[in-house]
Amino acid sequence: MTDKRFYQVLVPAVVLFSFLPFGLGSYHLHVVIVSLFYLMMASSWNLLAGYTGQVSFAHAAFAGIGAYASGILAVRFGLNPWIGVVVGTLMAALLGLAVGVLCLRMGGIYLSLTTLGFSEILRIIITNEYEVTRGTMGLQVPGLFAEYSKVGYFYVMLGAAVLTLIIIYRLIHSNIGLNFRAVQNDERAAASLGVDVVRVRVLAFTVSSALAGMAGGLYGHYLLLITPEIPSLDQQFLVLSMTVIGGMGSFPGPIIGAFSLEILSEYIRAYGEYHVLVFGLIALVAARFAPNGLMGLATGRLMRRRAPEKTVAAAAKS
Amino acid sequence: MALLEGHGLTRRFGGVTALDAVSFTVEEGTIVGLIGPNGAGKTTLFNLVAGALKPGAGRILFEGQDITGRPANELCRRGIARTFQVTRPFAAMTCLENVGVALVNGPAPQDRALWRQTAPRYLEMVGMGGLADTPAGSLNVIQKKRLEIARSLATRPKLLMLDEVLGGLNSQEILQAVDFIRKLRDEHRLTVFWIEHVMGAIMSAAEKVIVLDQGRHLMEGTPEEVVKDSRVIQAYLGE
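Top to bottom, those sequences are chains A and B.
Residue 318 is where the first sequence ends in this note's numbering, and the numbering goes up by one at each step.
Residue 239 is where the second sequence ends in this note's numbering, and the numbering goes up by one at each step.
Rather than coming from a laboratory, the hints here were simulated on the basis of the structure.
Please read these numbers as outputs of a predicted model, since none were measured by experiment.
Hints are not guaranteed to be accurate.
Claimed, not checked - Pairwise CB distance ranges (calculated):
#	chain 1	residue 1	chain 2	residue 2	range
1	B	107	A	155	43 to 49 Å
2	B	137	A	83	45 to 51 Å
3	A	132	B	69	42 to 48 Å
4	A	282	B	91	24 to 30 Å
5	A	145	B	120	16 to 22 Å
6	A	77	B	14	55 to 61 Å
7	B	141	A	237	37 to 43 Å
8	B	133	A	263	43 to 49 Å
9	A	282	B	171	52 to 58 Å
10	A	287	B	91	19 to 25 Å
11	A	13	B	120	30 to 36 Å
12	A	5	B	107	30 to 36 Å
13	B	109	A	13	32 to 38 Å
Think of the CB as a built atom: it goes at the ideal place given N, C-alpha and C, for glycine as much as any other residue.
Using the sequences and the hints, build the whole thing.
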């Protein structure tokens, strides 16, 4: 996709979205706001897992860091939530950098285990530091606006989602993105061509953590109540399912995954805990029949239709 | 002048000594062949020089500077490029992007607009101009080897290390490939360090041949000296 085409799709989509508050009721608008949160989470996790091949289980944890950093600063020191979100984003970036430098030399399964551990440690700290975090009771935080406005939150989340998507798009279509993919495809070959593999990984981890921190910070001030649910592993696996089902390693994949799963989860909410089972089944079916997710299905169709002529042309030229 | 020197290079894998105190020199502007039976330690030697492995003992000098144990990406920037015996293309990326990775990270990094202009030249050099947009994963083995050469050249190396690039070619194609590599050396003022099992090719192209056997430096000399040497014949044919 060229830059021009990206904006040709993005701009009309944003304009269309901007009209949503005029047509949707309060409940449906809530679903869209939550979907936008997951869009940011899934897209930024995809930057890490889909484009550099690092499967981190700490992505929800970094959203939690953004949310709690901003929330605690607002409650304890009366910091303006807008500034709080920026601080939360920076906190997530810094911690992401630290975790990155510590464990990214390992890569593969070790990275997954370390991030899983990090996520658990964070959960235990949050649950036990009751004085600061209010534990499982949840921390009541002020909103972004003096007067609560769902429509206002919608536009804030939409703006943040667009910002996230633009950052990710520009990154993966830059030379840095080329290095991301090279590292994912073959680390040794990448190193032999001059790529600093560890630096590339740390960079991806830091940017992705910062984006999760921003999403978490905004989400917390929308919910007005921050609980350990935000940095939970449940949340992490939901983000993972959205990315995998939508199409890991493709740009639109997590966007599609986030919206379809969030909307679906609203429909099957009535079945309580069973909705986890349903997600599990969908993920299994997707892994078996559409390993590249919904995006893979769509582009696969297109490719097959275009493929014959293209290979012939290439063969004739060579 | 020696561009590359190895002194007493040793590398063990568990109980197996893959390289045992091997010393050698590669003179600037020459084509040096590295031969030996299977398991002689040729690829291990390449891995040490290119920074993919660290030696257990010994020193490596490049342009007179100690580069022992430096990481692969730094060595690439200093001017050492290599191909892999078992090719390692970036399978999900196009051929153009494969070359692009080399161009944006090499000694003179290029920006996006520039590398997209320059990359096709390197594909054309190896006769793959028509495959720029083809995913590297769908190439055949010979094309993958050519792509690795294109990628290596795109790092604008001083030393090009080739690891069995002729496998799978017929005799006519081998002649062309040897011509091509000679031309590369002359036009780009390269030094070529070359592992090859196709003896005829090495014998006609190399100015010097180094023979390894069971991790040891067996002998070195001109191709004529090597083929006549009884130790070499014994190493290949047995007692």
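- Task: State, for the Cβ atoms of residue 282 of chain A and residue 171 of chain B, whether the hinted interval 52 to 58 Å holds or is violated.
- Result: Holds, at about 56 Å.
- Query: Is it true that residue 145 of chain A and residue 120 of chain B lie within 16 to 22 Å of each other by Cβ?
  - Reply: At 54 Å between Cβs, range violated.
- Message: I want to verify a distance hint. Is the separation of the beta carbons of residue 282 of chain A and residue 91 of chain B within 24 to 30 Å?
- Response: holds (28 Å)
- Item | Verdict for residue 132 of chain A, residue 69 of chain B (Cβ pair) under range 42 to 48 Å | holds (47 Å)
- Task: Please test the hint of 30 to 36 Å on the beta carbon pair from residue 13 of chain A and residue 120 of chain B.
- Result: For residue 120 of chain B against residue 13 of chain A, whose Cβ atoms are near 34 Å apart, the range 30 to 36 Å holds.
- Is 32 to 38 Å right for how far apart the beta carbons of residue 109 of chain B and residue 13 of chain A are? holds (34 Å)
- Range hint 43 to 49 Å: satisfied by the CB atoms of residue 133 of chain B and residue 263 of chain A? Roughly 36 Å apart at Cβ, these two residues miss the hinted range, so it is violated.
- Task: May I ask you to test the hint 45 to 51 Å on the CB atoms belonging to residue 137 of chain B and residue 83 of chain A?
- Result: holds (48 Å)
- Task: Please test the hint of 37 to 43 Å on the beta carbon pair from residue 141 of chain B and residue 237 of chain A.
- Result: With Cβ atoms ~40 Å apart, the hint holds.
- Message: Given a hint of 55 to 61 Å, does the C-beta separation of residue 77 of chain A and residue 14 of chain B actually sit inside it?
- Response: holds (58 Å)
- Quick one: are residue 287 of chain A and residue 91 of chain B within 19 to 25 Å, going by C-beta? holds (20 Å)
- Is the gap between the beta carbons of residue 5 of chain A and residue 107 of chain B within 30 to 36 Å? holds (34 Å)
Of the numbered hints given earlier, the model fails hints 5 and 8; all others are met.
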